[in-house]
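Construct the complete structure from the given sequences, taking the supplied hints into account.
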Amino acid sequence: KTYAVPVDGILNSYPDGQYWVIDDKTRRNAEILRETLAEFNIEAEVTGIRKGPVITMYEILPAHGVKISKITNLSDNIALRLAASTVRIVAPIPGKHAVGIEVPNEKRAIVSLREIIEHEAFRNSKMEIPYALGKDISGGVQFSDLTQMPHLLIAGATGSGKSVCVNA
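If you use our numbering, the sequence shown corresponds to residues 62 to 229, in order.
Bear in mind the hints are in silico, worked out from the structure with no lab data behind them. Any given hint might turn out to be false.
Unchecked claim - Each computed BS3-like pair below joins lysine-lysine, with the alpha-carbon atoms no more than 25 Å apart:
| # | residue 1 | residue 2 |
| --- | --- | --- |
| 1 | Lys-157 | Lys-187 |
| 2 | Lys-223 | Lys-196 |
| 3 | Lys-86 | Lys-223 |
| 4 | Lys-187 | Lys-86 |
| 5 | Lys-128 | Lys-157 |
| 6 | Lys-131 | Lys-157 |
| 7 | Lys-168 | Lys-196 |
| 8 | Lys-223 | Lys-168 |
If you want it as structure tokens, here you go:
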């Protein structure tokens with residue numbers, strides 16, 4: 062038998078939650094973050110907010126002379142003040158003169174397989190076997206060529222969807 066490509070529309074479609082919108086709560090968290098750093102005598106300003114489907118990254122520009130280790134050592138204090146289960150500090154953000162503080166969103170957005178495979182970049186890729194991975198922090202579609210993965214390791218935090226990925 063010849064292989065029949067599944068018909069369009071067979072996968073579920075989910076409403077667009079507009080997770081990328083910077084709302085008042087997100088702005089307030091940026092202010093709480095700045096205040097928390099100030100409480101520990103760290104002068105810094107929030108220079109950017111990038112909201113993804115699962116986490117929000119706050120870009121922090123520390124004042125000249127501030128040791129990055131002073132910020133990284135405050136991850137538990139920052140998580141407590143933001144009422145977050147955990148925070149991840151990216152110090153520095155690659156290619157930038159800033160520190161990133163990643164905070165889990167209160168409500169995770171659904172990233173569906175249909176949304177990824179219907180994306181223009183996925184459809185126009187020249188890959189032999191494109192494999193949908195998900196979305197990055199900026200909401201960009203991420204995929205790779207399975208033929209270029211002789212070995213594959215799936216890693217992530219608890220509850221991030223590793224088993225769902227393997228079983229999909």
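A quick look at each hint next to the structure:
With a CA separation close to 31 Å, the supplied pair Lys-157 and Lys-187 exceeds the 25 Å bound. At most 25 Å may separate the alpha-carbon atoms for a hinted pair to count; Lys-223 and Lys-196 meet this at roughly 14 Å. As the CA atoms of Lys-86 and Lys-223 are separated by approximately 29 Å, the hinted pair breaks the 25 Å bound. Simply put, Lys-187 and Lys-86 have alpha-carbon atoms about 41 Å apart, too far for the 25 Å limit, and the pair is violated.
Restraint check for Lys-128 and Lys-157: the C-alpha separation of about 16 Å stays at or below 25 Å, so the hint holds. At most 25 Å may separate the alpha-carbon atoms for a hinted pair to count; Lys-131 and Lys-157 meet this at roughly 18 Å. Restraint check for Lys-168 and Lys-196: the C-alpha separation of about 16 Å stays at or below 25 Å, so the hint holds. The suggested pairing of Lys-223 with Lys-168 holds, with an alpha-carbon distance near 19 Å, which does not exceed 25 Å.
When the structure is compared with the earlier hints, violations turn up for hints 1, 3 and 4 and for no others.
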